[in-house]
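Trainee: The residues making up each chain are set out below.
Protein chains: 2
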Amino acid sequence: MKKKVDVAIIGAGSAGLYALSQVKKETDNFILINDGPYGTTCARVGCMPSKSLIHIAEYYSDRHDFEKSGIRNADKLEICIPDVLQRVRKHRDILVNYNIKKSITTLGDKALSGKAEFIDVNTLKVGDDEIHAQKIIIATGSTPVYDIAWNDFREYILTTDELFEQKDLPPTLGILGLGIIGLEIGQALSKLGIKVTCVHSKEFIGGLSDPDINKVMVSLCEKEFEMWRGGERASLEKVGDKIQMTSGKREVLVDKVLVSIGRKPNLKSLKLENIGITLDKKGMPKFNRQTMQIEDLPIYIAGDVNADRPLLHEAADEGRIAGYNVVNQQKSFKRKVPLAIVFTDPNIAFVGKEYKEIKDDVSVLIGSYDFSKQARAMLMNINKGIANLYVQKSDGKILGAQIAVPGGEHLAHQIAWAIEQELTVYQMIEFPFYHPTLEEGLYALLLDCIRKLENKKEGILEIPFL
Amino acid sequence: MKKKVDVAIIGAGSAGLYALSQVKKETDNFILINDGPYGTTCARVGCMPSKSLIHIAEYYSDRHDFEKSGIRNADKLEICIPDVLQRVRKHRDILVNYNIKKSITTLGDKALSGKAEFIDVNTLKVGDDEIHAQKIIIATGSTPVYDIAWNDFREYILTTDELFEQKDLPPTLGILGLGIIGLEIGQALSKLGIKVTCVHSKEFIGGLSDPDINKVMVSLCEKEFEMWRGGERASLEKVGDKIQMTSGKREVLVDKVLVSIGRKPNLKSLKLENIGITLDKKGMPKFNRQTMQIEDLPIYIAGDVNADRPLLHEAADEGRIAGYNVVNQQKSFKRKVPLAIVFTDPNIAFVGKEYKEIKDDVSVLIGSYDFSKQARAMLMNINKGIANLYVQKSDGKILGAQIAVPGGEHLAHQIAWAIEQELTVYQMIEFPFYHPTLEEGLYALLLDCIRKLENKKEGILEIPFL
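Sequences listed follow chains B and R, in order. Residue numbering for the first sequence follows our numbering, starting at 1 and increasing by one per position. Residue numbering for the second sequence follows our numbering, starting at 1 and increasing by one per position.
Bear in mind the hints are in silico, worked out from the structure with no lab data behind them. All C-beta atoms in this analysis are idealised placements derived from N, C-alpha and C, irrespective of residue type, glycine included. Honestly, I wouldn't trust all of these hints.
[To be verified] Straight line, CA to CA, 27 Å or less: simulated DSS-like cross-link-like pairs of lysine-lysine:
(1) R:Lys373 with B:Lys90
(2) B:Lys334 with R:Lys456
(3) B:Lys359 with B:Lys452
(4) B:Lys456 with R:Lys334
(5) B:Lys25 with R:Lys334
(6) R:Lys167 with B:Lys68
(7) R:Lys202 with R:Lys249
(8) R:Lys268 with R:Lys125
(9) B:Lys336 with R:Lys456
[To be verified] Distance windows between CB atoms, simulated:
(10) R:Glu222 with B:Lys3: 54 to 62 Å
(11) B:Tyr146 with R:Glu222: 46 to 54 Å
(12) R:Asp168 with B:Glu458: 50 to 58 Å
(13) R:Lys457 with B:Lys3: 30 to 38 Å
(14) R:Lys202 with B:Asn29: 55 to 63 Å
(15) B:Lys373 with R:Ile148: 38 to 46 Å
(16) R:Asp296 with B:Lys393: 38 to 46 Å
The shape of chain B in the complex, shown without the other chains (with noise of 0.2 Å):
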């Protein structure tokens, strides 16, 4: 079959659907090209599957603090492994299921199943079928890194993306990589009572960079599991019905192991080289985060496959760029304050600059509060963690935040909701904090900044003059 479309997307993800609804507003001739199973990453073995598992585990570590608060009889609650899974793979198929059931159903022989290969700027070939497309928009996603040697004993190894489809989980676990995934995941299941022995070739966990922050979250999560953090690279060897895992002088017999050392983009098969498209050194192309075109070709890339900012929020936003240009006036864009958060206890969050870019500038400083002290967190047994704010010397204004701490989730929401808007800590200061809130903890670090900073104002810190 030779078809020829206005536009054609390859994949089915998060991006690639919401490429298709700005699509959708201009033409009705279009394709999407799916391989492998319908729904998205983020909905089948990512963001809530794992949301999912965390929230069981923490209701279930919640039982350490029932006696003290005269809840009785804590130590007779027992988990169970397999219904924990069950449970979350019934949350996923409800969310899956509704975001297919959103967008696939309707499209007929507009949704094509196959493997997409370039075979011009404008031509793709799927199986015996070749698509002519006037735009194209690539957003097929990612997967995770797994090393081929370990095939020599794959049952003993999890993916990610596997982890939520096993009818059990063994009482020890091996868990290589400390990242996002694997951090909100080994202590999830830590606090399921499964021993994890967490090996992370960094000395910095859940993608934080901020030593400070670094510093608290380790010392919080080695109360609860063990870590082998920056030493070499773990190597995996079957013994018995066992799994060695060694990394310098260090051992451990586990059941198995759980890899999660990061997700590569899909973009091998798509034969990129094949149409004289410049590849770097990691095999990415070269685009245009405002308008997500690759170099000047009819040719779009949007969400993980761009491996630029692999969130569900920015897969969204990159999908609806690329729609929108590819049935419309280019246009660019103006990307949102970076905001990454972590799922894990207490939540990890980084929003607007990174470290990096701030830690050398004498321009900037970092004020910082330790929610060890923060009263309604105390109320609440959660009371630790830490947040670093990084804040502009000469006026306050807020440029970016690491965090570790209890509701970091919705702190992170407000502190990138502030720089989106360029505001200054002795702006943001005078907003309502409410009484007794987490959100008090962020006037704390608000209060350290001004502290720190020079320029006072006059009047009342917290009340501006009418």
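Position chain R against the provided structure of chain B, taking the given hints into account.
Mentor: Chain R alone, transformed into the frame defined by chain B:
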């Protein structure tokens, strides 16, 4: 003893202490007069202990989700109310002592114990002492409303000031009044297994006035405990060793009754009428909300005692404003956007314009979002409640909100801060909303407003052109 001071502050609660913080910056010649126990209403009997109780109630209530989440033996958990109350008091004592230590202990003879009474606009009588002050700040707080008829069976009546002092609580409890405090406490005690019967003379509970939100909240609460709404005021009568609570045709026998029918300003003993201050029908003096000054007198009134906004963060602002103005050239201050949060399940909150201000205003529309569909809330088994946002039709400016939603305390801050900055729904929807978070419920709420607005945005709704 006769003493001359620059400033006398009557009341060492939140408002008085915040006033003191401003006064101290300009003069050492002040006196702080306090009658009764030190420590703020908030920390002693109000916000703080109630949040501790609510948190334990939520812990205990979570057990209903345990079985389906894969956590076994939830039915073996038992609550020990005396231990719960002890835990609450322990939390409270830490916070009360922290507050007092911070502010009172260093005052020496600048702190005076006793009841103050006005002799003239500059003179106070405190026991045998006479204080002449150039400026006086009234910050005497409030007391629970109480009917002296109940003295016939005083040991069966609990005020909210007494609740947390109890060693134990009985199996059945009547609750008079489902305002903000009554609903918080009533729901929490119900979750802790106490059979509560709540009598409320209005149809609207928890301070709500938006009928959509009230309807949902009422139906959620009715699943948890018995409410008699909108009927006659309950009458109480001792029958054997119980109290019979009667309202119209409904009656019930309860072990004790918790009274939460409001708090009244502690004004009477000051004898304001002696010095020619005009009091309104409710016995309240006229004061300026921007300066806290009473008429044009050298007297200021701050905190719960003025009955304007009886909330900690407002008491803090009022104390600061009064404190600033008694020692500086008087200024008018901009007051914060109204924000009140009720720590029920789900959280109720009121932000900005009240429902009654907008309900008949044709220039305002109401956007709505049903949190029973919210993805993250579903993953946490807390998907319930509803949010209404009040928006100016002409430009989408956010004016106010009433909500009863999970995580409402955070969303309420986010909405309040948007109103402080006079943001429109179009501006706010361009912010990053991380996935999967409760903030996406706010996104959906904004989206509903935008769908109902006539002025459509060009390009992509969520992403501005560069």
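Trainee: Does each hint hold? Answer for all of them.
Mentor: Results of checking the hints against the structure:
| no. | hint | verdict |
| --- | --- | --- |
| 1 | R:Lys373 with B:Lys90 | holds, 15 Å |
| 2 | B:Lys334 with R:Lys456 | holds, 19 Å |
| 3 | B:Lys359 with B:Lys452 | holds, 16 Å |
| 4 | B:Lys456 with R:Lys334 | holds, 19 Å |
| 5 | B:Lys25 with R:Lys334 | violated, 46 Å |
| 6 | R:Lys167 with B:Lys68 | holds, 16 Å |
| 7 | R:Lys202 with R:Lys249 | holds, 17 Å |
| 8 | R:Lys268 with R:Lys125 | holds, 14 Å |
| 9 | B:Lys336 with R:Lys456 | holds, 21 Å |
| 10 | R:Glu222 with B:Lys3: 54 to 62 Å | holds, 58 Å |
| 11 | B:Tyr146 with R:Glu222: 46 to 54 Å | holds, 53 Å |
| 12 | R:Asp168 with B:Glu458: 50 to 58 Å | holds, 53 Å |
| 13 | R:Lys457 with B:Lys3: 30 to 38 Å | holds, 34 Å |
| 14 | R:Lys202 with B:Asn29: 55 to 63 Å | holds, 59 Å |
| 15 | B:Lys373 with R:Ile148: 38 to 46 Å | holds, 43 Å |
| 16 | R:Asp296 with B:Lys393: 38 to 46 Å | holds, 43 Å |
Consistency with the previously given hints fails for number 5 only.
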